[in-house]
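Chain A is already provided as a structure; the job is to place chains B, C and D on it using the hints.
Chain by chain, the residues run as shown.
Protein chains: 4
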Amino acid sequence: MTIKKTVRRIGVLTGGGDCPGLNAVIRAVVKTAIREYRLSVVGFENGFGGLIQNRARELTEADVAGILPRGGTILGTTNRDNPFSYPMIINGQKVFRDVSDRVVENINIHGIDALIIIGGDGSLTIGKELFEKKGLQVVGVPKTIDNDLSATDQTFGFDTALNTATEAIDKLHTTAESHHRVMILEVMGRYAGWIALESGIAGGADVILIPEIPYRIEKVIEKIIERRNLGKKFSLVVVAEGAKPLGGEMVIQRRVEDSFEPIRLGGIGNAVASQIEEGTGMETRVTVLGHLQRGGIPTAFDRILATRYGTGAVNLVMAGKFGEMVCLRTPHIMSVPLAEAVGELRLVPVDGDIVRTAKQVGISFGD
Amino acid sequence: MTIKKTVRRIGVLTGGGDCPGLNAVIRAVVKTAIREYRLSVVGFENGFGGLIQNRARELTEADVAGILPRGGTILGTTNRDNPFSYPMIINGQKVFRDVSDRVVENINIHGIDALIIIGGDGSLTIGKELFEKKGLQVVGVPKTIDNDLSATDQTFGFDTALNTATEAIDKLHTTAESHHRVMILEVMGRYAGWIALESGIAGGADVILIPEIPYRIEKVIEKIIERRNLGKKFSLVVVAEGAKPLGGEMVIQRRVEDSFEPIRLGGIGNAVASQIEEGTGMETRVTVLGHLQRGGIPTAFDRILATRYGTGAVNLVMAGKFGEMVCLRTPHIMSVPLAEAVGELRLVPVDGDIVRTAKQVGISFGD
Amino acid sequence: MTIKKTVRRIGVLTGGGDCPGLNAVIRAVVKTAIREYRLSVVGFENGFGGLIQNRARELTEADVAGILPRGGTILGTTNRDNPFSYPMIINGQKVFRDVSDRVVENINIHGIDALIIIGGDGSLTIGKELFEKKGLQVVGVPKTIDNDLSATDQTFGFDTALNTATEAIDKLHTTAESHHRVMILEVMGRYAGWIALESGIAGGADVILIPEIPYRIEKVIEKIIERRNLGKKFSLVVVAEGAKPLGGEMVIQRRVEDSFEPIRLGGIGNAVASQIEEGTGMETRVTVLGHLQRGGIPTAFDRILATRYGTGAVNLVMAGKFGEMVCLRTPHIMSVPLAEAVGELRLVPVDGDIVRTAKQVGISFGD
Amino acid sequence: MTIKKTVRRIGVLTGGGDCPGLNAVIRAVVKTAIREYRLSVVGFENGFGGLIQNRARELTEADVAGILPRGGTILGTTNRDNPFSYPMIINGQKVFRDVSDRVVENINIHGIDALIIIGGDGSLTIGKELFEKKGLQVVGVPKTIDNDLSATDQTFGFDTALNTATEAIDKLHTTAESHHRVMILEVMGRYAGWIALESGIAGGADVILIPEIPYRIEKVIEKIIERRNLGKKFSLVVVAEGAKPLGGEMVIQRRVEDSFEPIRLGGIGNAVASQIEEGTGMETRVTVLGHLQRGGIPTAFDRILATRYGTGAVNLVMAGKFGEMVCLRTPHIMSVPLAEAVGELRLVPVDGDIVRTAKQVGISFGD
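Protein chains in written order, with UniProt numbering: chain A, 1 to 367; chain B, 1 to 367; chain C, 1 to 367; chain D, 1 to 367.
Chain A extracted, bound-state conformation (with noise of 0.2 Å):
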């Protein structure tokens, strides 16, 4: 099944969350592609639903003019639609079905040779039973707004949400001064603590917590009531929204991620923050920063790392790399097996550099 011919047409679909460089993934790979290779490029809509239900589209380079800066992605994208478990109503019962021979019937029906999939860990592990069980020549670009891919040094996206919540950690930096509050952000992070560490240090935050370090509320409170003995009226907590009190539970609620399963959200913010004031007795205000941290203009970091990694999946594709994922490792992009890549999370290292640097300068985990 996995006789490789010379590749001629490829498709490209989106799967998961959205995540600011989509757009200059798909624009390189359209780009790559057709300027260096001479192939033509298929777009499917809405992940792996537009690949089932064949709602597809050629894709020129006009299609991709102008889009590098834009977040989102021209494609649309959904975190349901597994082709492996697909949700269909049959005599008015939801049941699953394994939808997938309906996956090669229609990249047979495009002529497509090489199917690239940009996703997260839900997307990627669809992409590696396609290429497992299917044997279709997929390849894979990591995306995870979180960061926590172990076999990539860094994800796009991130460094666009990383700097979206360290803005508003600067915004709530003068309202927390002006007002002598404590003002805690809510940020992204159900496992991994990256974008709420990372923004915490830049931010110049006093209390992070994040799910790698169980905090204990006793201890945050001691924090804040030793900077307002020290004659600091106000203090900046950030808490990943995965954060969870030492021998306690996750309260998330629903969390739009590429999980394939309906996920809880929110409220951990919340939590904590009647917890400060009641303990310190002062004024407490949460913001959760949400939905935002998943738009806008990519940063520059962003774009570029974008922009490798849609050419790196072209090359991979030509050089016959299949159920391979592109990946940086500082400072190439190289690629790893699809098989390896997912599954494993790349947590914050509770010992390592960057949190022993946010405890020098006096941040506090909680712990």
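If chains are identical, the list can't say which one is meant, so a pair holds when it fits in one copy or spans any two.
With a Cα cut of at most 20 Å, we get these calculated DMTMM-like pairs of lysine to aspartate or glutamate:
hint, residue 1, residue 2
1, LYS232, ASP63
2, LYS233, GLU277
3, LYS5, GLU132
4, LYS359, GLU222
5, LYS232, GLU61
6, LYS5, GLU105
7, LYS223, GLU61
8, LYS223, GLU36
9, LYS232, GLU36
Calculated directly from the structure, the hints in this document are not laboratory data.
Chains B, C and D in isolation, oriented as in the chain A frame:
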């Protein structure tokens, strides 16, 4: 009591909610007082609290160097501490007392000849009473981020908040488009919907809900379904926190404003979201912009208006126009009596130019 | 000739220099025309060039989707191609001919009943002549990034340029401070100094030089030395490109504007810099902001004003008010005859509120 | 001479050109020294000038509060004042003298045990000599906005400059497109073209000219004409100030860098523009970004790297690793001897990944 002696020394304070441009006003007051009129300036800390408890400091040009582009107020502010109704614990009971004599005393201790109060409706009402009842030579500078003061064409801080809200809509746009969702942005505006209205037009929203135009949820749902039927797979809805359904009540839970009274905040965005999700079957997400609207670097417009207000307030002092407040009557800085200035809100004219423009480009107000 | 038939189809073009908000006007014209009045819309490419050479395309709502926050104009623009004096090569010689009959012909070919011209002084003058001499049913939308049109309170694009200039001053501030230098920023403003004046106040400049107030270099040097004597080790100077010394000439060399004539640009910033460096002995550096002032994402204010103008222009068409131009008379959108609108510049009032405010906070105009 | 006593008090200075993140380094040095190690800190003003003339002040946590997001350096900086070759006027003649003994003396007067030098190649070379020849316990922090230091993966300030340049390209894009012009952006990069290369990729430039790849103007013109023939009516060209034609010379006239020597600046952008305008007949405009690249609020990345460097430098001091410099070996902060760190430039690899990526998406380097 209102014998006007030669002014040699003025006081200044900021009261009520944080607002971009407060520092620019303070800077202009200090520079104009010192450079133009050879006065000295005393700043009171944390609004009327500092005036009651005599927390004050001399302000020199060095103190205001570099603060023009900074959000917040170097003097601190609060929306508590009304000198005519000041909370105290007496015999274990919280009671409210008139401590306005202490204010007069502290003004005399510092040898202050005139007091500039930068604040919203609450603070300016106190200013009016200090002028009328206590004979203090008060001049006011209006501050309301909601831009809802009838006595002036525009207030500083509004333009910055408007741009922050517009940028947020820009960010939500790409996510809405990529995921085919309804995205809701809840912005400030308890009684007047200016921020929602103007950011909605600037951001290209499809629906805008404001307090002045009670909405019917069926109309909102109708609009979104109409768009979907035209092939537009997403919609953007901007909701002022004070928006309310026809015949319904405002659902604000707690809002930090210049009210000197606790109020309730949040929720209208979520309420509308549930109804839209149910009514359209489309994924709907809410972002509450909250405190981010009060922070950040002031826009050029706000810095200029704030500077003109600050300079204008000192000019009023020197002209002996006490009990008055600076205001903008485009393109001039003028003044009005505090008695006229407070109390009356500048609401969005329901049949005015701007609402009509919005409707003509296809925006629904749910009416 | 001015027999008004029922309007069913309108044309639109953009002329003169690029300006943030042009796309927002086009979008509002198209949306209002189609949604509100069921008209169809034709867009001419590259200003009057497209009207002469009949380069045109139908504009639908899909064409204007997503262009609200984008700088530039999807129609293209140019500051050449006056139909009453159109350059041609005849017998190897460049000559200028009246080709306005071709314009009328093309208007008729497309079945256009009214033409909306978005442009500056040059374009609107042509519009006036097409209305007066050729009987075309013309409506104008004023565009000048310099904000120097007497017939309207403000023009779109100015607020964006002002914020770009102010951010540039903010950036130069830190360099000036760190290196103890005099930093000069040269901004647009050939005849009117609005951008220099307002960005100078907003950015906290020490000296502002504008065309309306001829400067004496000794006064500028004096101000900088006075600051140094007060221990302030740097100074910021904002210079409008049209600033000139008392009794001297403007030194603009080439400037891209809506002039339909070649002009000269640059140099005043450098001229002033050499004199300051010589007169004070301080390191002095110049930044010419140039084209950056015309680009970028329009501010909320500019998007709203542009939208109101676009909608207002279509309303004028439907009211049969030809030969008129939309204008802002705060807070209303009104109209004035094109004949009144063009020709007279709105200069900075030398003794007005704003200049006085600037002087009161210590800014020197070199006078 | 290098007898290491217990460190109780450290000095810090910033040398060379202004760079976003300098304040973040100073803040981290002060916080880490005081909080983590109970040291005291002395700041010298204006680079080595302050060390020679003994202009110094104690730095406390209060001094560094709020400076994290601010560009520039609170200590001041200069690219003059080499203590081993210090300019003096003797008998009316300007001569250069070794005054390094004064440096040692001042270090002793303040009881300083170790000196942290934050600077570029010039400053670090002086640091190396103070360590080697004078036995001062020096630790270095590398600073170069051009990112051209071989000893570290990245330097702070570069990411901010890169984003400033990318935003400028975004702004020029709309003007180029609207006017069908060639727009040229001249950016920093005397010897290494990193800013031009990366901003060019991020901004979607069509041509990038860097010092490492001498260009042939015919190739540049060819590329622009090729685009025009494909219907693309504009082109964007990014030029590093040090770019030069094949066989030609660099034309920099005066550049403010860490050189301790006067150099020449400007001109390559204009030179290329004339040739393009002549060769293509298209309107061509130049923007020189200049000092704007050094200013502004540092990006999150730069604030974090600067914080890690500052903390890392104090850690080096406490570990007794004198004569060394902190560096980034992704993802770790490490150190290298100053002797290795200076002198060798990190140039753009002409056949590296990034240049190849750029070529694959269709960017020409004029080679």
